[in-house]
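K.L.:
Taking the hints as your guide, dock the two standalone chains into a single complex.
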Amino acid sequence: MFFVELSLGMLKKITITINGKKIQCSPDETIFKVAKNNDIEIPGLCGHPDFPPKANCRVCVVEIKGYNKLVTSCSEKATDGMVISTISERVKKARNLNLELIFAEHIEKCPTCAINFSCRLLYYAEKYKIEVRRFGERKTERKTYKFANAVEIDGSQCIDCRNCVDACSMLQKINYLEIKGKGINQEITPSKDLEVDCIYCGQCALHCPVNSAAEQSEWQEVEKLLQNPGDKKLVAMFAPSIRVSIGEEFGLPYGKVVTGQLAAALRKLGFNYVFDVIFGADITTVVEASELVTKLKAAKQITGDQSAIGNRQSAISHLPMITSCCPGWVKYAEFYHPELLPNLTSARSPHVHLAGAIKTYWAEKSGIDPKNIITVSIMPCTAKKFEAIRKELAVNGARPVDHVLTTREFAFLLKRNKISLGKLKPENSDNPARAGKSDPNSGAIQPNGAGSIYGASGGVMESALRTAAALICKGDKICDNRIDFKEARGMEGVKEADVTIGGHKLRIAVVNGIGHISPIIKKLADYDYIEVMACPGGCIGGGGQPIPTTPEIRRLRAEALYKIDKNAPLRKAHENKGVMEILKWLKTKGKLESQVLHTKYIKRG
Amino acid sequence: MARLSNLCDFVPSDRDLPSMADNNILYKIKKAGLIGRGGACFPVWKKWTAVKNAIDERPENDRKSCVICNASEGEPDVKKDFYILKNHPEKVIAGMLLALAYLGAKRGYLYINANYYRILRAKLEKAADGTPVEILVKPSGAGYIGGEETSILNAIEGKRIEPRLKPPFPFKAGLFGLPTLLNNVETFYNVALVEEGSYRPDRFVTIIEQSPKPTFKAFARLRKITKREVFLFPEDWTMEKILKKSGRLPSYKFFVQLGGGASGMVLNSSQLKNPLAGSGSITIYNLENHDPMELIRQWIGFFYGESCGKCVPCREGTFRVKEQLEKNDVNWPLVKELLNNLAETSFCGLGCSAPIAITSYFKNVFPLISDKNNVLASSQSKTVCECFS
Numbered sequence: 195m196f197f198v199e200l201s202l203g204m205l206k207k208i209t210i211t212i213n214g215k216k217i218q219c220s221p222d223e224t225i226f227k228v229a230k231n232n233d234i235e236i237p238g239l240c241g242h243p244d245f246p247p248k249a250n251c252r253v254c255v256v257e258i259k260g261y262n263k264l265v266t267s268c269s270e271k272a273t274d275g276m277v278i279s280t281i282s283e284r285v286k287k288a289r290n291l292n293l294e295l296i297f298a299e300h301i302e303k304c305p306t307c308a309i310n311f312s313c314r315l316l317y318y319a320e321k322y323k324i325e326v327r328r329f330g331e332r333k334t335e336r337k338t339y340k341f342a343n344a345v346e347i348d349g350s351q352c353i354d355c356r357n358c359v360d361a362c363s364m365l366q367k368i369n370y371l372e373i374k375g376k377g378i379n380q381e382i383t384p385s386k387d388l389e390v391d392c393i394y395c396g397q398c399a400l401h402c403p404v405n406s407a408a409e410q411s412e413w414q415e416v417e418k419l420l421q422n423p424g425d426k427k428l429v430a431m432f433a434p435s436i437r438v439s440i441g442e443e444f445g446l447p448y449g450k451v452v453t454g455q456l457a458a459a460l461r462k463l464g465f466n467y468v469f470d471v472i473f474g475a476d477i478t479t480v481v482e483a484s485e486l487v488t489k490l491k492a493a494k495q496i497t498g499d500q501s502a503i504g505n506r507q508s509a510i511s512h513l514p515m516i517t518s519c520c521p522g523w524v525k526y527a528e529f530y531h532p533e534l535l536p537n538l539t540s541a542r543s544p545h546v547h548l549a550g551a552i553k554t555y556w557a558e559k560s561g562i563d564p565k566n567i568i569t570v571s572i573m574p575c576t577a578k579k580f581e582a583i584r585k586e587l588a589v590n591g592a593r594p595v596d597h598v599l600t601t602r603e604f605a606f607l608l609k610r611n612k613i614s615l616g617k618l619k620p621e622n623s624d625n626p627a628r629a630g631k632s633d634p635n636s637g638a639i640q641p642n643g644a645g646s647i648y649g650a651s652g653g654v655m656e657s658a659l660r661t662a663a664a665l666i667c668k669g670d671k672i673c674d675n676r677i678d679f680k681e682a683r684g685m686e687g688v689k690e691a692d693v694t695i696g697g698h699k700l701r702i703a704v705v706n707g708i709g710h711i712s713p714i715i716k717k718l719a720d721y722d723y724i725e726v727m728a729c730p731g732g733c734i735g736g737g738g739q740p741i742p743t744t745p746e747i748r749r750l751r752a753e754a755l756y757k758i759d760k761n762a763p764l765r766k767a768h769e770n771k772g773v774m775e776i777l778k779w780l781k782t783k784g785k786l787e788s789q790v791l792h793t794k795y796i797k798r799g
Numbered sequence: 041m042a043r044l045s046n047l048c049d050f051v052p053s054d055r056d057l058p059s060m061a062d063n064n065i066l067y068k069i070k071k072a073g074l075i076g077r078g079g080a081c082f083p084v085w086k087k088w089t090a091v092k093n094a095i096d097e098r099p100e101n102d103r104k105s106c107v108i109c110n111a112s113e114g115e116p117d118v119k120k121d122f123y124i125l126k127n128h129p130e131k132v133i134a135g136m137l138l139a140l141a142y143l144g145a146k147r148g149y150l151y152i153n154a155n156y157y158r159i160l161r162a163k164l165e166k167a168a169d170g171t172p173v174e175i176l177v178k179p180s181g182a183g184y185i186g187g188e189e190t191s192i193l194n195a196i197e198g199k200r201i202e203p204r205l206k207p208p209f210p211f212k213a214g215l216f217g218l219p220t221l222l223n224n225v226e227t228f229y230n231v232a233l234v235e236e237g238s239y240r241p242d243r244f245v246t247i248i249e250q251s252p253k254p255t256f257k258a259f260a261r262l263r264k265i266t267k268r269e270v271f272l273f274p275e276d277w278t279m280e281k282i283l284k285k286s287g288r289l290p291s292y293k294f295f296v297q298l299g300g301g302a303s304g305m306v307l308n309s310s311q312l313k314n315p316l317a318g319s320g321s322i323t324i325y326n327l328e329n330h331d332p333m334e335l336i337r338q339w340i341g342f343f344y345g346e347s348c349g350k351c352v353p354c355r356e357g358t359f360r361v362k363e364q365l366e367k368n369d370v371n372w373p374l375v376k377e378l379l380n381n382l383a384e385t386s387f388c389g390l391g392c393s394a395p396i397a398i399t400s401y402f403k404n405v406f407p408l409i410s411d412k413n414n415v416l417a418s419s420q421s422k423t424v425c426e427c428f429s
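Chains A and B, in that order, give the protein sequences.
At position 62 of the first sequence the residue is numbered 256 (the numbering used here), and the sequence of numbers has no breaks.
At position 202 of the second sequence the residue is numbered 242 (the numbering used here), and the sequence of numbers has no breaks.
Pulled out of the complex, with its shape left as it was, chain B reads as follows (with noise of 0.2 Å):
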């Protein structure tokens, strides 16, 4: 937990400023603390001026990059870039073309989400419109993967849909091989706000309320999503106060999954003091009408699903956990050594987070449930609880 709340609490030191000589906006994105908004929380200044580095480096007459944004947002229940690039689309492009000033570049992608294109193409080409910001959908197939950075650069270069390795990393030699800097959406609509000078320290943050009522064997499915709002609060604010204040804090027992529907994190709701971290999402699960096997087949389900292929763990492994968890008597250790090995082994950040979301739950949650002795024979329950402990 503690790793957790300090993903995000980078503050520049006076030390790192760049002077006010330096590149205006870039002064003022670092003076505003911004960090990035895709989940991994890197200063903003610092894609920046590695972009910016890498580009000094190349010849005096081929000193070409690019910029993309990501707008793919295949993290199931995170819509909060929806919502942004459905209010503030001309935000978003500013943004782009500050970057794109700043870099010296003559391109700009913004890649999207294929659905949100189809709902918001008239907006997003009118925002685009005469900018050298070209619109680029995601293709279809490309998955949850199809998000993660180096995939995006495969995506655009027509090859197979599927992380790189890295080094290079992107913002030496991304797309095309040139230096690439890559922001997600909300990341280019604070630094428009930066611009403007009417920034706050604010996030984006979803908050989705699964079925509170169904029982534990009469439901049909349970991801049966009642609410869905995107809210936007000061960044510093505890889970729990955003809950409060957005009038979403439960009656009933309940826990919750941060940033996302498959990789997030699961926490008891007495874990819930500390500040956002990640994708900005807060799914509420009720504790006691939730059927634990039905939720984490889901979640190990969606990462089987969007595996690329590429490594052992994440390839073989998710589809052994499948295979154990589809079983009445499911070998509860084994299950814990392939994910514990997805998250030692993976090649990528999917493979990586794919076991967050089952080793949470049962560590944070499971334990609370006063009828877990029912849900999984006793037997189960108790290795289970050993297991994940």
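In isolation and in its complexed conformation, chain A is listed as follows (with noise of 0.2 Å):
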């Protein structure tokens, strides 16, 4: 009896009316977002389903009838009979002038922005007719922070909305960025505390109306390479995750797959040569459950003595084992736990894999010399162009990866050139394996299901293992009899589980964003191998993906890398030919496969 009471409870609904239209809502809701689910738009700036309301842009003003002021639907909750208007005279009063204060604490930098096309500020400007210069600006002489070559915040932008300070802080716990200064002088700054430093995931960026904190663009040099590429080889390499939700950037449905448009719009933009990042990923799962295994072997946990489980922690073996793809994990790894860095795996991040491939075997194969190769890489994170840039990455002296454009910056160099990504017929991208031409139409490369899960949260676990089974059984069918580790997935803080591979016990770990890192560097002893990805959701929520990214988009862009794992023929790194080849060729190269396959780590703290 409890229950059925407590469930028509919970079901209650109550009805309320929104510019007279009578709607049915449940009581906990917003205005906003009643407003939201019945298609009334409500403008608003400084609102994100990933954080609590703030209620300081005061755009989303709504008048209630029976109020004395206007309030603000972000943070007003419905309640029975509430008789609601959007767009009042008193509203749009209200609403215009809030905005028309906002856009002079902004200065534009339209042109060369590269979220101008889906421009908030811009879109609201015309839709409510916005006298965008009624006010002065009064930020000319605001500073731009910048935080290694990955990410900016530009104050001359700012318009105060303290979304970057929410993602800093209270999604990511790393608390680098701080408000200084009251009133009109209040400006975000980067902590001079010695103790915090920036990791580069960018999330400050993407949770940005504006586009003040944003990435340190890079397009203006690969538009110009494009323009005028002289005697070099343009060669783009995409990430997994781009394919789900670069769509969004050209009006396509979250979690739409493009990974045929996408080839083909690189091509069209000029690049020579378009590959697939999964395949480096590929590359990355045997370099990194090879380790995994070897480590797990040194530890005895392997060989049958599972009562050899306190040698787990041995100096040699390092377990657990750590993942190390995620750049925004490694810096803060090295920042904030050096003593970790040793746990660390020491494959390189699938971008670097591939790079390093093409400009060894791909180069030799195709008689290109490697200095007149430029990859660009297009990826969902800011945090990759602080790892192009790292030394240790050096491939025959070398950098491996030779620019890193957010998926943002390549939607705008696209739009900018008038390319439209949805109207495209969709190509092949070409294979890294195998020397020549590029060619859109053949000599295809199925992307392999391991590596296209890269992109989401405990997809590199579930690849790893995958294959870390396969050479555990060595190719016996019966022990190596499974391929989803559901596990992993899904969009948790943190998963934590017992998995069986080749018949032995594996306690992993998925850290579904640095937020949630802390409990699980307290019991790493109960661990034997652990994913970590700095951006919540994994590289599908990355710093450098399309504006806006909520849990909603992130969970359809994840259930659309699921989905292609899902229907590939092939779901297994190792089964990847051509990464088997090129490590096999590698392996003849002496110090080489050591340059293009491993790295290591520095302490920063």
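Among the clues, some could well be false.
DSS-like mimics (lysine-lysine), calculated; alpha carbons at most 25 Å apart, straight line [claimed, not checked]:
#: 1; chain 1: A; residue 1: LYS230; chain 2: A; residue 2: LYS286
#: 2; chain 1: B; residue 1: LYS367; chain 2: A; residue 2: LYS333
#: 3; chain 1: A; residue 1: LYS374; chain 2: B; residue 2: LYS362
#: 4; chain 1: B; residue 1: LYS86; chain 2: A; residue 2: LYS271
#: 5; chain 1: B; residue 1: LYS376; chain 2: A; residue 2: LYS259
#: 6; chain 1: B; residue 1: LYS206; chain 2: A; residue 2: LYS230
#: 7; chain 1: B; residue 1: LYS206; chain 2: A; residue 2: LYS374
#: 8; chain 1: B; residue 1: LYS376; chain 2: A; residue 2: LYS323
#: 9; chain 1: B; residue 1: LYS199; chain 2: A; residue 2: LYS386
#: 10; chain 1: A; residue 1: LYS287; chain 2: B; residue 2: LYS376
#: 11; chain 1: B; residue 1: LYS206; chain 2: A; residue 2: LYS207
#: 12; chain 1: B; residue 1: LYS403; chain 2: A; residue 2: LYS263
#: 13; chain 1: A; residue 1: LYS259; chain 2: B; residue 2: LYS206
#: 14; chain 1: A; residue 1: LYS323; chain 2: A; residue 2: LYS230
#: 15; chain 1: A; residue 1: LYS374; chain 2: B; residue 2: LYS199
#: 16; chain 1: B; residue 1: LYS86; chain 2: A; residue 2: LYS263
#: 17; chain 1: B; residue 1: LYS199; chain 2: A; residue 2: LYS367
#: 18; chain 1: B; residue 1: LYS403; chain 2: A; residue 2: LYS287
#: 19; chain 1: B; residue 1: LYS212; chain 2: A; residue 2: LYS263
If you are wondering where the hints come from, they were derived from the structure by calculation, not from laboratory data.
Treat the numbers as computed from the prediction; the structure is a model and nothing was measured.
P.N.:
This is how it looks when you write it as structure tokens:
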């Protein structure tokens, strides 16, 4: 009886009226949310589903019958019988004036702004007929703070919404961004605390509505190269997660897979070759899984002697092993927990693996001087920009990855060049294991399922487990009978499980967002293998992804990746023949093998 | 005007009264009809009950709560809390102790204006000695907003000093998330009197006389206060009666600002037939001998300087009004629009009250100035009157 009452109580609906329309909703919803669910648009700049409402931009104000003041719809809960207007003269006047005041804080740099084509300010200006120059610009003297070569905050564009601070403190728990000063002197500044540092994750940029927090752009240089390549061969490499997100920039639904159009768009933009980083991810998986199995063996975990469990943390094996393909996490570990660096896998990250293979194996097979190859990564990430300039990654003395563009930068480049991705005929990517001319129509490699899920939290773990199982079972099909490791999937902050591969129990943890790292670091001895992604949701929620990125959008993007995996003809990295061929070739190249496949980490604290 | 006089006319009906079985002090407070003296005129028993209920909703082994006495008194001209703390510190502490006992709270905080602390330190420490009341000095730079109740919570917690989004209200989740009772100095003083049985429905009123003689163009500082004194009068006395009985009714043409020199409403001398509402202060200005532009610049300058920066209408709006008022050719309709927007859309009480002085001044006082067309160019003067009428 009690449960019946409880569930009835939870189902109880209320009725409110918005702009004369009667609407049923539940009482715990805000007016903003109810309106949105019913296709009534209320403008707003400081709200984001990742954070509790701040109600500081005052643009989402609505009029409620019987209330003295206007109220912010982002913070006000609907109550039964409420009569609301989002379009009254009073609302219009207040909302427009607040938008005009906000415009005077934001120095427009539209022609070179990466979110120009999806700018909410410009959209509101047009929709609500805002006088954007009603008040004089007041932030002409503001500084730009740069964080390595990855992220920046341009104070002259900031509208003081504080989303970046919420992203940095509430979401990521880094606390690098601070609010200084009061009134109009308020400014977002990097912390002066020497114990705190930016990890370049770019969540500030992803949550900034006006591109004040943004990636440090490289599209200008890439555009120059594309316009005037000289004797250079321009090579594009696109990340696994991009294919399920960039469609959004062109009006396609969330989670729409556009792999073929992505390849076509890159060629249309002027790239000579287009490679899928899923290939690189397969290299990473094989390298990482081999290392995992070696470490487990060293710790006597998989000799059948379970009594040796106490040796797990021996100095040689450095268990648990921790993934390292997320550069935000690597910077975090280097700065905050250098004692963990021996636990990080020595495997490089997928685009660095791929670029290394391109500038060695593929260059040699194709008869192209590696010096004439310019590699450009299209990444969901801002921290990849910092990763790309790491000196320890040099291959034959040169950078494997020459430029990194975020998804947003790349979409901007396409739009600038009037390339409408959604309208292109899909093309194939080139095969890094095959020499010769770029061919959009044949010689295709189907992306491996294992590499595709790299873009979602838990995907690296799952791919590595698939290959580790094969390594342990040495081809025994009965022993190696598992593909899906659903324990690693999903949007929870921390995922923990005991999984069995090749008859051996492995204790795993997946940290989905750096804000969830602390409890796991406190009990490292409880695990054998840990995946860490700095951004919530993994790369599909990366700091370089399209805006907006919300919990719901992250879920849809991840879902699309798992669908690719499910339908892929190959779902295990080591079944990628091209990858195995390149690894075999590298084995014969002495020191080069390690230069292409492995890296080291630097204490930065 | 109707609203103003209605603010404090709460009279508890018998139906609302707790039974004698209820806690004694709450019954007495309710019977006495105590209302909060912080300015919002909220019935004291209601606030105490809300905190008590919030405590009772918590798990039995975690029924913690806090009591805070707000002695920040950041409103210019109002010095009645200072007067009370100076003359009756033991009563204020006694009131706090009654609240602590009623709620079963372990700790109380006297959150005090730094200047007051500097002057009254010895007295206050003596009064609080041996009690669970701790004196916390308002951080330097906390400013006006540092006296707003949720900003106080942030200040004590060491966070950025600015208002919090409500709900949750402090009575439910205040200091460190605990149910928190926040009352003004005068309120706790009154609680102590209620307990003693000596409470009478009086209120403290600071009467300030701005320098009466300066001429329009020739003065250095307008806000040169010539006289300031704190009186105790029955709370139902009209403002006119207060001025008469205090001997402060000016012989010259005058106007007044009520409840503080920044956020207070401005009335002309014929509008004083109601009891004083809000904070207890009356500031007297000389109608024919003041500089209107200087005065309103000072008002907006205060809010511009004190805005915490959290919300757009206050951060940007006060700045833009100030910017306009510094021009020779003021865009009055824009000023009016910005002020109106402050009242309509500001996050907290500071922003909402920022326009009160200016708008009420232009509505109630400016048209009465005989020389108004010399003060502002006559075209401007006309626009002003139209805008704010």
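K.L.:
For every hint, state whether the structure bears it out.
P.N.:
Results of checking the hints against the structure:
{"no.": "1", "hint": "A:LYS230 <-> A:LYS286", "result": "holds (18 Å)"}
{"no.": "2", "hint": "B:LYS367 <-> A:LYS333", "result": "holds (20 Å)"}
{"no.": "3", "hint": "A:LYS374 <-> B:LYS362", "result": "holds (22 Å)"}
{"no.": "4", "hint": "B:LYS86 <-> A:LYS271", "result": "holds (23 Å)"}
{"no.": "5", "hint": "B:LYS376 <-> A:LYS259", "result": "holds (24 Å)"}
{"no.": "6", "hint": "B:LYS206 <-> A:LYS230", "result": "holds (23 Å)"}
{"no.": "7", "hint": "B:LYS206 <-> A:LYS374", "result": "holds (23 Å)"}
{"no.": "8", "hint": "B:LYS376 <-> A:LYS323", "result": "holds (21 Å)"}
{"no.": "9", "hint": "B:LYS199 <-> A:LYS386", "result": "holds (17 Å)"}
{"no.": "10", "hint": "A:LYS287 <-> B:LYS376", "result": "holds (12 Å)"}
{"no.": "11", "hint": "B:LYS206 <-> A:LYS207", "result": "holds (24 Å)"}
{"no.": "12", "hint": "B:LYS403 <-> A:LYS263", "result": "holds (20 Å)"}
{"no.": "13", "hint": "A:LYS259 <-> B:LYS206", "result": "holds (20 Å)"}
{"no.": "14", "hint": "A:LYS323 <-> A:LYS230", "result": "holds (21 Å)"}
{"no.": "15", "hint": "A:LYS374 <-> B:LYS199", "result": "holds (12 Å)"}
{"no.": "16", "hint": "B:LYS86 <-> A:LYS263", "result": "holds (23 Å)"}
{"no.": "17", "hint": "B:LYS199 <-> A:LYS367", "result": "holds (16 Å)"}
{"no.": "18", "hint": "B:LYS403 <-> A:LYS287", "result": "holds (22 Å)"}
{"no.": "19", "hint": "B:LYS212 <-> A:LYS263", "result": "holds (23 Å)"}
Checked against the numbered hints given earlier, this structure breaks none of them.
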